[in-house]
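In the order they appear, the protein sequences are chains A and B.
Remember, my numbering sits 671 above the position in the first sequence when you count from 1.
Remember, my numbering sits 10 above the position in the second sequence when you count from 1.
The hints are simulated quantities; they were obtained by calculation from the structure and are not laboratory data.
The beta carbon of each residue, even a glycine, is placed where N, CA and C say it ideally should be.
A hint or two may mislead.
According to the in silico footprint, chain A covers these stretches of chain B (three or more CB under 8 Å from chain A) [said to hold, decoys possible]:
#	stretch
1	21-34
2	43-54
Residues of chain A clear of chain B, computed beta-carbon distances all greater than 12 Å [claimed, not checked]:
#	residue
3	726
4	731
5	734
6	745
7	823
8	1003
9	1008
10	1087
Listed below are the simulated DMTMM-like cross-link pairs for lysine to aspartate or glutamate, each with C-alpha atoms no more than 20 Å apart in a straight line [unchecked claim]:
#	chain 1	residue 1	chain 2	residue 2
11	A	816	B	21
12	A	1137	A	1159
13	B	54	A	971
14	B	62	A	971
15	B	62	A	975
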Amino acid sequence: MHTVAKATGSSELTTTAVKKPSWPLSNLLKASNVHWSSHASHPILVQAGVFALWVALIYVTRHPLDSWLAQQVPVNFLLRLDPLVMTVVCGGMRMAVTITLLAVVTFVVSVLLGRVFCGWVCPLGSLFDAYAWVLRHLRVPIEGKSPRWFTLKYYLLFAILVLGAFGAVSPLMGLDPIVLITRVAATVVNPFLRESDKIFWTVSEAPGSYGYFFDGATLLLFIGIMVGTTRLSRIWCRTTCPLGAYLAVLSRHSVLRRDTEGCIHCNICAVHCPTGAIDFTDERVYNESECIKCFLCSTECPVDANFFTLKSPLPATTPSQYPVSLQRRTLFGTLFATLLSAPLIFRSAGKPGSSKTLIRPPMSREERDFLASCIRCTECVKACPTGILKSAGLEHGIRALWSPVMVSSEGYCQEGCHACSEACPTDAIMKYPLEQKYAYKAGTAVFESSRCISYTENKFCNECVKACPTDAIAVLKGWEPPGSQGADFPAPSGLTPTRPLRVVYERCVGCGACEYECNKIVFGSPAMTNTSQGRAVPTTLDVVMRGKTESVWVF
Amino acid sequence: MGILRFLSVVERFHVEPQYFPLLTKDLFEIDEILKNGILPLGFKLQQSFGGKRQFLNVGFLTPRDSKLVSEVEALLRSKHGAIAGLIRYQIDLQEYLQILDSIYGVPFDSLAARNPAELSSVLQDHLTP
Chain A
672 MHTVAKATGS
682 SELTTTAVKK
692 PSWPLSNLLK
702 ASNVHWSSHA
712 SHPILVQAGV
722 FALWVALIYV
732 TRHPLDSWLA
742 QQVPVNFLLR
752 LDPLVMTVVC
762 GGMRMAVTIT
772 LLAVVTFVVS
782 VLLGRVFCGW
792 VCPLGSLFDA
802 YAWVLRHLRV
812 PIEGKSPRWF
822 TLKYYLLFAI
832 LVLGAFGAVS
842 PLMGLDPIVL
852 ITRVAATVVN
862 PFLRESDKIF
872 WTVSEAPGSY
882 GYFFDGATLL
892 LFIGIMVGTT
902 RLSRIWCRTT
912 CPLGAYLAVL
922 SRHSVLRRDT
932 EGCIHCNICA
942 VHCPTGAIDF
952 TDERVYNESE
962 CIKCFLCSTE
972 CPVDANFFTL
982 KSPLPATTPS
992 QYPVSLQRRT
1002 LFGTLFATLL
1012 SAPLIFRSAG
1022 KPGSSKTLIR
1032 PPMSREERDF
1042 LASCIRCTEC
1052 VKACPTGILK
1062 SAGLEHGIRA
1072 LWSPVMVSSE
1082 GYCQEGCHAC
1092 SEACPTDAIM
1102 KYPLEQKYAY
1112 KAGTAVFESS
1122 RCISYTENKF
1132 CNECVKACPT
1142 DAIAVLKGWE
1152 PPGSQGADFP
1162 APSGLTPTRP
1172 LRVVYERCVG
1182 CGACEYECNK
1192 IVFGSPAMTN
1202 TSQGRAVPTT
1212 LDVVMRGKTE
1222 SVWVF
Chain B
11 MGILRFLSVV
21 ERFHVEPQYF
31 PLLTKDLFEI
41 DEILKNGILP
51 LGFKLQQSFG
61 GKRQFLNVGF
71 LTPRDSKLVS
81 EVEALLRSKH
91 GAIAGLIRYQ
101 IDLQEYLQIL
111 DSIYGVPFDS
121 LAARNPAELS
131 SVLQDHLTP
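My request is simple: use the sequences and hints to build the entire structure.
Below, the structure is given as structure tokens:
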């Protein structure tokens, strides 16, 4: 307890303005001396725990997903908690995709308690807070008001939702913090965990691709964010994060509100607030939408005048710093810009029929649904043990940017592996039992004899035949070296070696193993080329009837 | 503790006469306040393993003077044993003088009449023409 000197006339006015109606439950809590004044250690412990869990999940997201942790917790757990993912995917698919519905928990918590997810759970936010802690102890000034353009995040959210309504998970979804940090981790960490000589593994060698650039762009974006954070704490959350904007909209009338009874205007809470939600000129005034309920104001308050209590969700008047009022002109501008860009994005989308190199992972949804539900998190790319899955550059259009494609020259779809579908947080790659792996074709390989060394150089080579898991390559029997081992054996003059003849369409599943092996031997283009030809697309009904995936509720 | 104290962040405490915490106003004598360049700025309860403990917020004109901070802490313990310790803050000289004038009734002009040895080094420097 402490007393405060008599307030002046002007301050009395402010004090009156701050008073808000309280709930009966709030009075009960006050009477029992229970305030959510808390201690910073609580959110910090939760943040540290969630961040450790996220790191562990990222680490175990790799074939065969049989670690203890991967069996206890879905490897895509945090992505499934993301309500923006749920909204965009369910909106785009026009149905409730069951796997995303876990985010309803976050949705409800945000409506009731505010942006707790941002302050306690978000791993990117935890990273920012840890970084800010280091900077503060190095005496780097990172506190300050949010820039005036902090509403940018709302316009980005608006654009994402408009595009989502048209059934497109736009590349803007890549700005979602959970998606972004997952992709960064996959880009930075994964190459060191996998037997691969590629540091960047996007479609780097395909003609017209910009894979290096876009993997680099992810990294540059992340580095840029951290540099920005060096200037202003949580600048990404304040200005750009679309998930933060979404939760801010949801939490405008949360019941867990800040109270400042006995404030002595020392400015310490305003300085400590990581999102600049507290007004520097009057610390009792704050912006509920920007408050992430980290309780730092409460912990740092030197006279224990900051605490959180349950209050009526609809206060008559709440003084707010920077009340979020989006400018109608800018909002309409965003709408028109989005609507104008939508046809360009849609027309640039790749189609299996027109682009034979666009090969999706096995059991991917039909292309339109795939693009409506793939959130570009690259969990599948991370999980893939062979490196055949890459995130696309611009070679398949803007709409397909960062979506997973199979690049057979860099790997093959391994028999006995369905890690990509298990890791997918939105069922864009449907779940299926392992024994049904080849029930649906991912594509079909095409044989071009003019590039095969058994034709051009009369050498024995059966690498593609050996690699094929379904015996889909028909051969023309001929000379074989003793033991039939290895490749590149010149046939004796006058004899023709055993040669591939054709790919049996009905048996080929488009795993790309033949192309991968052929690519190791030939110079230039391989004789076996995997294509999306004949890609079989599981329909929702088909999959539900076969019990191959989690059910979906169509509405 | 030295390196920890060096790394610790000292917050800037904005003080205004109309919001000055009066409860702790008289914890230090005015002579102690002037000599050390300090202000008592209310209590803070901190949770620890042993339960809640009460700390005194103390504003310093020279918070990085660790010798001075230790002296003030010892003074505090000798006078008020129930207080677990102090939390140091940085205060602005102009705000300090304003508080001296309006809360403690020590106007700026009267400081010049005092013996310089009774004033903190910052005050002495400020009073030196």
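Hint check results:
no.	hint	in the structure
1	21-34	holds (count 14)
2	43-54	holds (count 4)
3	726	holds (26 Å)
4	731	holds (34 Å)
5	734	holds (44 Å)
6	745	holds (35 Å)
7	823	holds (30 Å)
8	1003	holds (42 Å)
9	1008	holds (43 Å)
10	1087	holds (52 Å)
11	A/816 to B/21	holds (17 Å)
12	A/1137 to A/1159	holds (14 Å)
13	B/54 to A/971	holds (9 Å)
14	B/62 to A/971	holds (15 Å)
15	B/62 to A/975	holds (13 Å)
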